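Which chain is which? The protein sequence lines are A and B, in order.
Residue numbering for the first sequence is 1 to 268, as defined by the numbering used here.
Residue numbering for the second sequence is 1001 to 1268, as defined by the numbering used here.
Check before you lean on any hint, since a few could be wrong.
Unchecked claim - Just a few of them, taken from the derived set where beta-carbon distance is under 8 Å, the chain A residues facing chain B: (1) Asp19; (2) Asp26; (3) Ile126; (4) Thr129; (5) Arg130; (6) His142; (7) Asn144; (8) Glu147; (9) Ala177.
In case anyone wonders, no lab produced these hints; they're calculated from the structure.
All of these numbers come straight from a predicted model, not from anything done at the bench.
Glycine included, every Cβ here is placed at the ideal spot set by N, Cα and C.
2 protein chains.
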Amino acid sequence: MIGRRLVNGSETAGIAADDRGLQYGDGLFETMAATGGRIPRLPLHLARLEDGCRRLKFPMPPASLIEDECERVLEGMGTATVKLTITRGPGPRGYRPTADPSVTRIVVSSAARPRGDALEPAVLRICDTRMGLNPLLAGLKHLNRLEQVMACSEWDDPGIDEGLMLSSDGRLVCATAANVFLVEDGRLVTPAIRDCGVAGVMRQVVLAAAADIGLPVVVEDVQPDRLATADELFFTNAVVGIRPVQELVGVRRWAAGEITRKLMDCTA
Amino acid sequence: MIGRRLVNGSETAGIAADDRGLQYGDGLFETMAATGGRIPRLPLHLARLEDGCRRLKFPMPPASLIEDECERVLEGMGTATVKLTITRGPGPRGYRPTADPSVTRIVVSSAARPRGDALEPAVLRICDTRMGLNPLLAGLKHLNRLEQVMACSEWDDPGIDEGLMLSSDGRLVCATAANVFLVEDGRLVTPAIRDCGVAGVMRQVVLAAAADIGLPVVVEDVQPDRLATADELFFTNAVVGIRPVQELVGVRRWAAGEITRKLMDCTA
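Extracted from the complex, chain A is given alone in its bound form (with noise of 0.2 Å):
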């Protein structure tokens, strides 16, 4: 794939073996879309990005310098996903964060999959991987991945398109690598955030959209047995946006939804 990538500024440098990124997965991250050199919604991922870093206690970088560094690995591209992550940095052996971090940054383009492929109606499956509990982490985008993994890993079926994951009570709380919506008697409902999951951007668009146009939105705690009930599913992330779902194998299949596509509309 066709990209570029910087690390803390420079084209060449690589990540040194003591960051605490890869030591201990200490530091966050976010996957964004571009189009014609631009992030639409740099603005939303600064402001998660901002509220990660307060939650794990070490300081963002300057936006500005964030939003330089995406500019130059967009350079001549199109429609372009960057990845921008930040670690807590270098740090001696030990859990313990260090008192002064040099935080690290890596900021990674890379040329978009064409949007009209990934807007087709998708195939789910549902994981066996649960998800932890741990509000303190909750709705973070951190690089503590590994039930993401785990999970991704249980199936290799190219029919399937993504795996919906519970918590380890058993409630629906999200995809591998997205959020989940149901349609249900004509009311928007996603699962709540609370102890596990990712809040992701793209999820925050679609529930201010559905305030907007004056849809009624529930977010609460979500049994899995709803989603054999659900009108309509579709799932959301920062590249891919609104994806409806055609079927959850095994449970059920869907036809194309009225409110799905509202919705489609006005967050294109």
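Add chain B to chain A, keeping to what the hints say.
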């Protein structure tokens, strides 16, 4: 600290920015005690690493290669610590593991702190940060360690040596970087590691030693209120060995314990 580092056998190589160890914490590590250029418990560490590779589904580097690289980083060093990290290696964006991973090896030595200091009876606290439940990952020393990082960032009083951690459902599991043992009525008790926590190599050594000297051993779920009534308390890891506990802040203090001393003697 004096020491040496090898990345995939090279003294000058860095880590690729797309290494899955950094992207997702997709890897494992071992921290090992060395003396006179040798790691006495290397076979136990390699066995745990092999189990971890099998469970995370990536190939273990040849043991002879690891042994070789440990020997190289220990050349000319006395009492030392070796940290061995292996990851699923570089990979494209996306959680799904690549079919044919090129595993990354990082071997780092550092001069050990004098053992005398480490053996002074420790002062512990109980951390607020809890551990989420995931049986698929429990026991492994994987690179998803944000819970330990958050737990260690809770205190900065240098008089406190370690913090005990509970599971999300309130059981005593381990310390941030150690396993924990209670002595109750002449029996040795340690929490079962079945849905969270690390199953340390030294924990295994102590359990075997206890069996050897005819000490009854119980591995089970342990509620934290048993700490207040335990006759002795100690923690273990591969670098420190066994370290007695003299105080759990706000709960109780202990005098030197006979069974702890006996186990220290026969595992030294």
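Quick check on the hint: Arg130/A CB to chain B CB, less than 8 Å? Hint holds; Arg130/A Cβ to chain B Cβ min 7 Å, cut 8 Å.
Hold the hint about His142/A up to the distance rule: shortest CB distance to chain B must be less than 8 Å. holds (6 Å)
Does Asp26/A meet its interface restraint, that is, does its C-beta lie within less than 8 Å of any C-beta in chain B? holds (5 Å)
Interface hint outcome for Thr129/A [beta carbon to chain B under 8 Å]: holds (6 Å)
Hint check, Asp19/A versus chain B [nearest Cβ-Cβ separation less than 8 Å]: holds (7 Å)
When the nearest CB of chain B is found for Glu147/A, is that gap smaller than 8 Å? holds (6 Å)
Can Asn144/A be said to touch chain B, with a Cβ gap under 8 Å? holds (4 Å)
Mind checking the CB of Ile126/A against every CB in chain B and telling me if the closest is under 8 Å? Violated - the Cβ of Ile126/A stays beyond 8 Å from chain B, reaching only about 15 Å at its closest.
Can Ala177/A be said to touch chain B, with a Cβ gap under 8 Å? At 6 Å from the nearest chain B Cβ, Ala177/A passes the 8 Å test, so the hint holds.
Comparing the model with each earlier hint shows a violation of hint 3 alone; every other hint is respected.
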